[in-house]
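Q: Spelled out, the chains give:
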Amino acid sequence: MRIVIKNGRVVDPASKIDETLDLLIENETIADVSRGISVRKGDTVIDASGCLVLPGLIDMHVHFREPGREDVETIFGGSQVAAKSGFTSVCTMPNTDPVIDNQALVRFIKLEAEKGPINVYPVATITKGLKGEEISEMGELINAGAVAFSDDGMPVMSSVLMRRALEYSRMFDVPIIAHSEDLDLADEGIMNEGKNSTLLGLKGIPRESEEVMIARDVILTRLSGGRLHVAHISSGGSVEIIRRAKSDGITVTCETAPHYFSLADDAVAEYLSMAKMKPPLRTEDDRKAIIEGLRRGIIDVIASDHAPHSLNEKMQELEYAPFGIVGLETAVPLIITVLVRENGFSYLEAFEKLTVNPARILKIDRGELKAGKVADVTIIDPEKKILVDEEFMLSKCKNSPFIGRELYGSVIHTICNGNLVYSNR
Amino acid sequence: MNSLKRKDLLDIQSLSVEEILLICRSAKYFKDIFTRSVKSVPVLRGKAVCTLFYEPSTRTRISFELAAKRLSADLINFTVATSSVVKGESLIDTVHTLEAMKVDYIVMRHAASMAPHFLSRNINASVINAGDGFHAHPTQALLDTYSIMEQRESLDDGTLAGLHIGIIGDIKHSRVARSDIEAFTKLGAKVTICGPPTLVPDDFKLYGVDISYNLDELLPELNVINLLRIQKERQKGSLFPSLREYHRQFALTVERFRRCRDDVIVMHPGPVNRGIEIDDAVMESPKAIVNEQVTNGVAVRMAIFYLLAGGAPLEEMNEE
Chain G
1 MRIVIKNGRV VDPASKIDET LDLLIENETI ADVSRGISVR KGDTVIDASG
51 CLVLPGLIDM HVHFREPGRE DVETIFGGSQ VAAKSGFTSV CTMPNTDPVI
101 DNQALVRFIK LEAEKGPINV YPVATITKGL KGEEISEMGE LINAGAVAFS
151 DDGMPVMSSV LMRRALEYSR MFDVPIIAHS EDLDLADEGI MNEGKNSTLL
201 GLKGIPRESE EVMIARDVIL TRLSGGRLHV AHISSGGSVE IIRRAKSDGI
251 TVTCETAPHY FSLADDAVAE YLSMAKMKPP LRTEDDRKAI IEGLRRGIID
301 VIASDHAPHS LNEKMQELEY APFGIVGLET AVPLIITVLV RENGFSYLEA
351 FEKLTVNPAR ILKIDRGELK AGKVADVTII DPEKKILVDE EFMLSKCKNS
401 PFIGRELYGS VIHTICNGNL VYSNR
Chain W
1 MNSLKRKDLL DIQSLSVEEI LLICRSAKYF KDIFTRSVKS VPVLRGKAVC
51 TLFYEPSTRT RISFELAAKR LSADLINFTV ATSSVVKGES LIDTVHTLEA
101 MKVDYIVMRH AASMAPHFLS RNINASVINA GDGFHAHPTQ ALLDTYSIME
151 QRESLDDGTL AGLHIGIIGD IKHSRVARSD IEAFTKLGAK VTICGPPTLV
201 PDDFKLYGVD ISYNLDELLP ELNVINLLRI QKERQKGSLF PSLREYHRQF
251 ALTVERFRRC RDDVIVMHPG PVNRGIEIDD AVMESPKAIV NEQVTNGVAV
301 RMAIFYLLAG GAPLEEMNEE
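In the order they appear, the protein sequences are chains G and W. Under this note's numbering, the residue at position 171 of the first sequence is numbered 171, and the numbers go up by one with no gaps. Under this note's numbering, the residue at position 246 of the second sequence is numbered 246, and the numbers go up by one with no gaps.
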């Protein structure tokens with residue numbers, strides 16, 4: 001089976017190609033990227049004029065809630081949301097119920113994912129039971145298909161355990177993904193500590209609760225080696241710590257989420273629990289610092305931290321509502337609208353954070369548009385406006401502060417492993 | 001203007017100076033009514049008021065209930081201990097039940113900041129905030145404002161300009177402090193907040209207040225001293241080392257009271273920890289208007305019900 005994508009603007013951050021080209025897919029593989037590819041009888045032809053042709057996007061931080069909260073989202077359902085949103089690969093976080101800390105559960109995720117349209121890479125826990133006491137059987141988990149380790153949702157509070165995890169993981173060359181939060185300092189806060197938390201009388205989460213843990217972990221990485229990847233950074237201070245660590249040659253990478261470059265903490269008064277997540281939305285200065293961190297390449301990855309919660313759970317007093325918002329559907333439109341249109345990012349700069357960079361961190365052979373590579377391709381119309389409404393949100397849960405927004409950037413086709421898995425034409 | 005053009009009373013921040021003055025001036029009228037022998041007026045006849053308290057409070061609830069009764073409302077009280085809340089019913093479901101029973105006003109006290117704001121967006125009934133978390137306690141701030149204006153006879157002028165008001169104690173965790181600061185500064189007062197730095201965060205400067213850690217230096221300048229109740233459990237979080245040390249640093253002792261201005265007004269939202277934030281003898285001074293605040297609380301809450309109900313010319317009502 002052949003798919004020919006004609007006249008699209010091929011943007012491939014790995015090779016820095018950004019020009020109008022055709023792309024040929026044969027079965028599961030990209031066969032050719034060049035000008036004037038001829039169409040044969042029986043080919044599926046996609047006219048991508050005016051559209052971006054990107055490597056299939058990778059979201060290295062999602063919560064699909066299965067096993068445990070299938071009422072909220074499933075691996076299959078979440079994969080469909082991802083495909084509609086332009087993603088061909090996702091990493092599922094292990095803080096499910098039960099937590100993903102043994103090989104049987106990793107295999108379960110892989111098995112469930114086979115029913116769905118996209119690639120799912122399980123992340124397993126750093127510590128058994130997510131308890132922060134003993135490290136998980138990393139070798140066994142990798143053999144079963146885990147690509148990274150994280151206690152996401154909970155920090156590894158013990159410094160010595162974090163040191164051991166980084167040390168032990170060296171023989172597998174996999175990232176340890178840190179949820180960086182000093183729980184003592186965060187002190188059961190609800191939103192960013194500052195003027196807005198003062199005005200609203202809500203317990204604050206100081207940025208320092210994130211920054212001291214990132215500082216600790218980069219220092220531990222200097223000590224122990226290993227590969228540290230810091231999840232969802234939200235503050236300007238965190239960007240600065242990582243910049244310095246990288247310039248010191250420490251093996252650290254990091255990610256941020258679209259809400260941290262799109263909103264600041266004044267949104268909490270307006271959206272209440274729909275703007276409640278961890279780490280919390282910070283100040284406008286932080287938002288700008290995150291954008292600059294992305295522009296300068298200090299922040300390697302954009303990941304959605306897609307976190308579905310039922311409306312019942314979110315329709316509570318702000319203090320009692322759970323942390324987290326859904327992010328898959330709005331990721332591409334926010335990147336196009338905020339980074340490209342409002343802040344002048346090139347498409348190469350913006351989309352390297354969802355293609356080649358996460359692929360290299362995860363050591364998966366995807367995220368490139370090159371002959372011989374697996375045919376994961378995302379086609380986006382960057383000029384087309386979308387309205388973020390309940391219908392647009394395919395997720396079971398609509399817990400998003402962006403509902404009601406008009407944004408630029410519509411996913412037209414998603415091709416995964418050579419299959420057209422989503423199409424809105 | 002003789003009514004509040006709003007559904008809810010949630011915080012001071014959203015009130016204009018005109019609205020604050022309208023409430024205070026109406027309160028004076030209601031105070032006159034209920035200090036005479038016939039204390040009731042039929043403003044809320046046929047209306048149902050529910051006091052919905054998710055946090056224990058005696059004085060605020062009773063004050064609201066008395067205010068509603070004196071306006072002839074039908075009153076129901078919904079307390080957490082005997083309600084379905086212990087069965088885990090959500091706030092929204094509870095309140096939709098109340099709405100189904102056609103309750104017109106919900107007076108809510110809640111330990112979670114912003115809970116009344118969340119509620120008000122999702123129901124049709126009027127929501128009156130009787131205190132939410134650390135966030136707001138607007139009726140307390142309005143009765144404090146009224147009490148100061150009454151003492152200073154400045155209700156007609158409608159300003160607190162020229163006054164220096166000190167708020168002493170645990171500012172950080174105080175909804176009274178936040179609402180008082182907003183009300184006092186809106187009306188032109190200079191406000192200084194005073195307490196240990198652990199309880200007086202720098203972020204409060206956004207309100208345009210001064211910060212002091214030295215009560216002895218501050219006291220002689222103050223026209224009004226508003227002491228907040230110190231929560232003993234704050235000590236556990238190492239926010240101050242002991243009640244003894246707190247008393248030494250920040251209590252209004254007899255000795256400190258002597259160095260205050262002659263015309264000083266001493267206020268406290270209650271309940272008072274005698275011997276911790278204020279000494280007994282100071283409480284007994286005529287300059288301490290704590291009981292007058294309680295009386296004014298009923299008047300202010302009557303005024304709020306009345307004005308949210310759409311008001312009516314006060315003269316006509318006088319004829320009833």
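Note that these hints are calculated values from the structure, not bench results. No residue lacks a Cβ here, since even glycine has one placed at the ideal position from N, Cα and C. Treat the hints with care, as some may be off.
[Claimed, not checked] Here are some of the chain W residues that sit facing chain G, going by a computed Cβ distance under 8 Å:
| # | residue |
| --- | --- |
| 1 | S90 |
| 2 | I92 |
| 3 | A112 |
| 4 | S113 |
| 5 | A115 |
| 6 | D203 |
| 7 | L206 |
| 8 | G208 |
| 9 | Y213 |
| 10 | N214 |
| 11 | F257 |
| 12 | R274 |
| 13 | I276 |
Q: Holds or violated: is the Cβ of I92(W) closer than 8 Å to a Cβ in chain G?
A: holds, 6 Å
Q: Per the CB criterion, is Y213(W) less than 8 Å away from chain G?
A: violated, 18 Å
Q: Holds or violated: the hint that N214(W) contacts chain G, with Cβ atoms closer than 8 Å.
A: With a minimum Cβ separation of about 22 Å from chain G (threshold 8 Å), the hint on N214(W) is violated.
Q: Just to be careful: measuring from the Cβ of D203(W) to every Cβ in chain G, is the smallest value less than 8 Å?
A: Because about 4 Å separates D203(W) from the closest Cβ in chain G, which is inside the 8 Å limit, the hint holds.
Q: Tell me if F257(W) is really an interface residue toward chain G, meaning its C-beta lies closer than 8 Å to one of theirs.
A: Nearest chain G Cβ about 30 Å off; hint violated.
Q: Under 8 Å is the threshold here; is the Cβ of R274(W) close enough to any Cβ of chain G for the hint to stand?
A: Since chain G brings no Cβ nearer than about 27 Å to R274(W), farther than 8 Å, the hint is violated.
Q: Taking the least C-beta to C-beta distance, is I276(W) closer than 8 Å to chain G?
A: violated, 23 Å
Q: A112(W) was flagged as interface toward chain G. Is the shortest Cβ-Cβ separation under 8 Å?
A: This interface hint holds because 4 Å falls under the 8 Å limit.
Q: Going by Cβ atoms only, is L206(W) closer than 8 Å to chain G?
A: OK, holds: L206(W) within 8 Å of chain G, min 5 Å.
Q: Holds or violated: is the Cβ of A115(W) closer than 8 Å to a Cβ in chain G?
A: holds, 4 Å
Q: Hint S113(W) vs chain G: min CB-CB distance below 8 Å?
A: Nearest chain G Cβ about 4 Å off; hint holds.
Q: So, S90(W) near chain G? Judge it on the closest CB pair being under 8 Å.
A: holds, 6 Å
Checked against the numbered hints above, the structure violates hints 8, 9, 10, 11, 12 and 13; every other hint is satisfied.
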